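Each protein sequence line maps, in turn, to chains B and G.
Position 146 of the first sequence, counted from 1, bears residue number 145 in numbering that gives the first Met the number 0, the numbering being contiguous throughout.
Position 187 of the second sequence, counted from 1, bears residue number 186 in numbering that gives the first Met the number 0, the numbering being contiguous throughout.
Because the hints were derived from the structure by calculation, they are not lab data.
Mixed in with the good hints there might be a few duds.
Unchecked claim - Residues from chain B that face chain G, not an exhaustive set, calculated with beta carbons under 10 Å:
#: 1; residue: Leu66
#: 2; residue: Tyr102
#: 3; residue: Phe135
All figures in this text were calculated on a predicted structure; none of them were measured in a lab.
Even glycine gets a Cβ: it sits at the ideal position worked out from N, Cα and C.
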Amino acid sequence: MKDVVSSWLLFRVLFNPTSVFEELSNAEPQAHLIFLKYVLWLAIVPPVFAYIGASKFGWRLGAEQPLIVPSNDLVLISIAYFFALLFGFVSAAIVAQWMASTYGARHALGIHFALIAIIAAPLVAGSVMHLFPHVFLNVVGLIPPLIWSMYLLYKGLPIVLDISPERGMLMASALIGYLLVGAVSLLGLTVALWGRGIGPSIGI
Amino acid sequence: MGPRHWAVDRYLVVSDTELSNEKEFYFDEVVTALVMFSMLWAVVAMSVGVYIAAELIWPSLDLGMPWLSFGRLRPLHTNGVIFGFGVSALMGTAFYSVQRTSHVPLFAPKLAWVCCFGWQICVLLGGMSLLAGWTSSKEYAELEWPFDIAITILWVCFGIVFFGTIAKRRIKPIYISNWFYGGLIIVIAMLHIVNNLAIPVTMSKSYSLFSGAPDAIVQWWYGHNAVGFLLTGGFLGMMYYFLPKQAERPIWSYRLSIVAFWAFTYSYIWAGPHHLHYNAVPEWVQFLGVGMSLVLLAPSWATMINGIMTVSSASEKLKTDPALKFIVLSLAFYGLATFEGPMMAIRSVNVVSHFTDWTIGHVHSGALGWNAMITYGTFYFLVPRLVGAKLYSVKLANIHFWLALAGTMLYVLSMWGAGVSQGLLWLSLDAIGELSFSFKDIMASMPPFYALRLVAGLVFLFGTMLMTFNLFMTIIGRPTIQVEPPIVSEEWAVK
Ligand code: HEM
Ligand code: HEM
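With the hints as extra help, turn the sequences into a complete structure.
Structure below.
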């Protein structure tokens, strides 16, 4: 068993996922290394894109004029976005590890971090859409990466965690439940922040 | 004939061992009929959903005809999916499971047929009355008073058949699924009668006994508990019978299921006011609604975990059984809808989400992801057993699974995008503190989202059609097989 995984993992997973799954199924990566090497950076990329996009073009929500948010607020929002993503990744890995015992899957936290990192990779790559923060384009643009992520989840999870495809199917569906909840929490949090005066000025 | 034998043989073995008893069979023909009607309504009502989704992009699709207008087709969609598709499925599965958990054939089978056909006629004529423009204007209770009376009578018949069967049961404990189905029958009867109290003026028009704020409160007491006891409670009954059956495992924690049942029953009833935030109803009523909505998260998630844990050790079943996949995924979406709901009940979130498509997204994450998905899983399990044959095509069922997942995800994502944009735009202020955008401008920017939702709907509808075809091919030309109740052991028997 290798305790390090090769670099470029996240790029390879976009084009040649099977080799990545095989590699991970034989590796025993350490949680903190995966965290520092991959997870942290994955969580930084979307907020940076979002910041650049919003400050250059403003939020395009479909109305005629874009919504320009003051740059102080943008920094705050981007930082909040970063922490929300980080929380999402870390908690998803912990939840996956917690579920692992139910499905008889591998238990080391490192491998769960790696799993979440490869599932997130396409979405993070897709977040390049944030450079032009037009809501509809972002929704549409994120659909192909989302499909790819789901494919990685359903296909990769059983190989990486060393369980039968059927168990993998069950665990992947349970994990989707958690991830959907994570996504909707992000919406709720955002909206609640607006109400507190952080973000665009709205009449509440 | 080939594939039929395995099931027929299996059941015959049971009956041979007890030849001494006089023959008595479960009454399943009515179940087969209800399942077929349910599928029919699913296709019809979701097609209407697709049509109104298209009308929101191209309003002229109403072709200038009143009965094709959005305002009339929308209630046709909601009534069709909830009462046609949903209630037919619930009636059918309730009749099926109550016999098996009571170990007796249905009480008053003729009355069960009355329920079955009466209900279908009611939905059909009710749907036509909506197209004709009859409406009480209460959401999910649009049907006018003649239908309300017919529904009440049919619902009482449903109750007589169901509780009659329980009353003559041979096994002492009343299994948890029956508590949920029983809750559905009693609470919906109560809600339906109170909310529809009205003074008829003509055949097609009546006026509610309530007015103003009390009218709103009663309406959302009804509306939310239709969600609580029909779209949640009824379908949980389905889940609690069919999930352990398919997994061939007992419920992970039976005690948890009972606790959750009572927690649901006591808290759902109070949560309705979260539909009326910042309205002319007393603030404490609104806060009560918020509190109870937050409390609801606990039994909802306990139930989801109970379900997920029950299947977790039964993975080998997935190799042969396409049905279980749907049920597992439906639990994930149930988890989503019941997390999103309490969140949207919080006033500082609701102030943005109310009046937007976010609500529509929430509705359909529950409706497609939970209600439809669990029903599909149940039908794929049930139909082959009803007629004693193998499923016509496992491959089509597997394709359906991915279509259902994709359709639901696209629907929810498009509405989240549209909803959050709307919420922000409705409320955004310009430098001098006036609203920045007009309603018209905002709506003019929505078609891309609506187009995405239209695609989602088409994908979901196509999957539903595949299932309908698949299951009709399974049923066609085969009679419903006869199954005898097994003997109840001394220890559990009703003496
Ligand atoms: C714990 C559970 C749930 C809670 C607390 C909850 C809460 C809410 C809230 C706050 C709204 C928005 C009200 C508004 O702003 O107008 C809503 C709407 C709705 N929810 Fe849920 N929800 C829950 C679960 C579900 C489930 C499982 C379904 C199943 C389909 C569902 C169906 C609906 C429907 C149909 C509406 C739209 C009502 C209308 O305005 O016509 N909900 N819910
Ligand atoms: C092919 C699938 C479906 C499509 C395309 C579809 C489409 C739609 C559309 C366009 C609306 C009106 C939204 C608006 O007024 O802006 C709607 C409302 C609604 N639909 Fe569906 N629908 C589908 C399936 C279902 C199913 C299976 C259910 C229930 C089990 C359901 C329950 C509802 C409800 C309760 C509403 C009213 C929501 C509210 O008032 O807040 N739909 N649907």
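inquiry  = Let's test the interface hint: is any C-beta of chain G closer than 10 Å to that of Leu66 of chain B?
reply    = holds (6 Å)
request  = For the hint on Phe135 of chain B, just tell me whether its beta-carbon gets within less than 10 Å of chain G.
outcome  = holds (4 Å)
ask   = Holds or violated: is there a CB of chain G closer than 10 Å to the CB of Tyr102 of chain B?
value = holds (6 Å)
Checked against the numbered hints above, the structure breaks none of them.
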